[in-house]
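Q: These protein sequences, in sequence, are chains A and B.
Read in order, the letters of the first sequence correspond to residues 1 to 462 in this note's numbering.
Read in order, the letters of the second sequence correspond to residues 1 to 462 in this note's numbering.
Identical copies carry no separate label here, and so any pair may be met within one copy or between two of them.
Computed cross-link-like contacts, SDA-like style, restricted to lysine to any residue with a CA-CA straight-line distance of at most 25 Å:
1. Lys338 with Leu201
2. Lys339 with Val357
3. Lys99 with Glu422
4. Lys316 with Ser280
5. Lys108 with Arg8
6. Lys238 with Cys293
7. Lys339 with Thr360
8. Lys316 with Thr203
9. Lys274 with Gly397
10. Lys238 with Ala350
11. Lys9 with Gln23
12. Lys316 with Ala358
13. Lys273 with Tyr310
14. Lys243 with His212
15. Lys209 with Gly314
16. Lys383 with Gly266
17. Lys243 with Asp354
Keep in mind the hints are simulated off the structure, nothing from the lab.
Protein chains: 2
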Amino acid sequence: MKPFSLDRKISALRGAFEAGLAQLVNIPSVSADPAHATDVVRCAESAAAMLTAIGATTEIVATAGYPVVVAMLPSDPSHPTVTIYNHLDVQPAEASEWKSGAPFVFRKIGQCYEGRGTTDDKGPALTALFAARLAREAGIPLNIRFIWELEEEIGSPNFAAFIRARRSRLATDSVVVSDTIWIARDRPAVPYGLRGLQTFLFTLQTHAKDVHSGLTGGVARNPIGELCQLVADCYDAKTGRVKIPGFYDDVQPITAAERAQYRQSGFETARYKKAHELGSIRPHLKNDADVMCAIMARPTFEVHGIVGGYCGSGIKTIVPHRAEVKISTRLVPDQDPKKIARLVRDFVRARNPDVRVAATQTLAPFLGAREGPYADAADRAMKAAFGRAPAFVREGGSIGAVVTMQQALRVPITFLGLSLPEHGYHAPNENFDWGQAAGGMKMFVHYFSEIAKIDPRRPRGR
Amino acid sequence: MKPFSLDRKISALRGAFEAGLAQLVNIPSVSADPAHATDVVRCAESAAAMLTAIGATTEIVATAGYPVVVAMLPSDPSHPTVTIYNHLDVQPAEASEWKSGAPFVFRKIGQCYEGRGTTDDKGPALTALFAARLAREAGIPLNIRFIWELEEEIGSPNFAAFIRARRSRLATDSVVVSDTIWIARDRPAVPYGLRGLQTFLFTLQTHAKDVHSGLTGGVARNPIGELCQLVADCYDAKTGRVKIPGFYDDVQPITAAERAQYRQSGFETARYKKAHELGSIRPHLKNDADVMCAIMARPTFEVHGIVGGYCGSGIKTIVPHRAEVKISTRLVPDQDPKKIARLVRDFVRARNPDVRVAATQTLAPFLGAREGPYADAADRAMKAAFGRAPAFVREGGSIGAVVTMQQALRVPITFLGLSLPEHGYHAPNENFDWGQAAGGMKMFVHYFSEIAKIDPRRPRGR
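In isolation and in its complexed conformation, chain A is listed as follows (with noise of 0.2 Å):
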């Protein structure tokens, strides 16, 4: 396909992408608010129809919880077969704080489209649709498979099973995860990482109840005095440097090449902190740089609740005798949850052996490849509809989805985002934009027709 037609092209699908985008954005899927459960399942059904109406063969699958949208176009067994991932459900938008006060009322504003899930991720998701149907015109000898769940943003609580049940339906040769934030809207990026969790509660009780601070204090301990000394023991609160022995042991280092990649993602801490509202960084990270590395390649250790004794207004003078505290770890590759979790509860018995450790939520990191056919691809193809080659980077959250595809279909997975820092991904005035949709069918485009290239090893899907 000549890119002077594949534009053109493109151009012609716009009315066709808005007019979907608007349908999918009207209908409120709010996976988190149970008052919203039709609303979901009929956004399932909305998009399957448009699914169908390319030529896929689509089917609402369900599931414990909400649907899954598996579709497929066409399904030749003598091509190869790429899966692409994306959501339909949308975080919960609280009227007041939107411009517009509409938040599932769909707005073109000149190039720009307002909405809940406009850019998380139902512009994402139409985008690769409108380029899979470009493809089939094409005669690009690719299978493309489409997976929407519903309950990404809810945790993806019912995905495991659903992809263990159809792991033979699903086999593929690669993934797309297409829900991702460039880090700066002139440089496109590719993430090959995300980070882990491994979730603590930490509970201390030393008396049936509180008790008198005149009548025992100096002599009853003090369950909340006995959790922060353990939580400085766990970690430098002003750099974030863990201290229990052995959690850096199997982190990764960081390549000199990742590093220059990094660097050149566009990152800058000043726009960074402003796109977060983050009131004040760790003085120690002087540079982009370290702040990069910081949120992409290193693991954290962040305590996330804290809660003992009197919280209201004015004094109650207790000693309390109860405290709990909520810990998060996010871990970076080679770190395995497991052992961290091990790690945590014997430096806790050590220090502090009335204190209960529970592990509360366990989530693997993952890495793909920054290399090799499918990364390749990816890097041409942003090259050519962005005109500029994408930086490879890590991302520093977690998606529990692709550490369940990844072990389930073992097969390379790419991230192929389109959302920008201001597109205000989970904030209020959520938007997406035509330029963001017009270059992701073209990179899509192109991706497909890289990848249709590639000789799997592997078993090709039907």
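Following the hints, position chain B against chain A.
A: Frame of chain A; chain B shown alone:
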């Protein structure tokens, strides 16, 4: 008055004492609960009538809150004056926690009187009233003034204003406070010291709102982590040892004589733990004397509340934006709360200048005389009444009214409490008993007789 004669007279008063105590206990004078406002006032009126009935000149003095009952018996300018402080308001009570199911109904069970307020402080107040009646009948040349507060259980918010406004009319040669607990039934205790109090609120806000621990974890400052570190910097939670420079500078060392008294006080750590329902005590306190000194004569640093981040069930992977911690220091002579507040502020500013420190409540420590004419009188009176010399000890708690009276009246203050550990002070099934009431009357009569002989160097009360 012959001992035999006094014992007989006291026995003869038992019916009247029980009737009076029943009348007061049946009025739920819970100062903390606005629903009981009329009960509190009714209690003041009943008590005033009892004082009038024994011939005292009685007044119900209005304050900005609940009134104070003031009475004088007789009022002879040629006699010295003693002022006896008690309070008639009571702690709240949960009916379901009481064996009787009715905390505000007086019950006589053999020698025992059960009901909220029996031991704290209606029983001791009436004991002093009946002793004053006996002293009057015996012609002891002493004016006895009663000050019965009705806001003690809510921190005496109007007591200082009351005392200051009437200072000249309240002139007295000495004060007795009768609202303390013995350490053991078989050994009277006369406290001569109270700990003071300086409380603080530490607040740290690092962001405008909670931020995402994946996108910002490792970079964003964590206010909970930093406050935990600050608490750990302030004190060693295991031993309670305060690390703030200068904190212990003005602590009066405990003398060998004091320590000997503590050891003979009947204190037993096991009983103390049971009485206060303590689960576990600091492990470095190896024996009863260590524990006693820690409560009575050493200052403390306690975290009495902490809150920050997400405290609900499950996990919310945030870096919190704000945390706060409530601290109280119990102080001992000669520590100055203002100086301690300055040391804490300076220490926090040096460690973490972003933490806001508010000094929220201040109360000076109190140290009375362990020797001299009033202590000797207490010693002899307790011995005469209970057959055993009292232990001179200190109290770990703080009583605002005592410091107020010391500063305004500038006369010796003696603690002549009658409550026993098994009386359930502030607890369900609170009780008092005829043994302590009868012994208390005898003790007070002896004490009045002793102090009537002291030649006061100060102007006498009228």
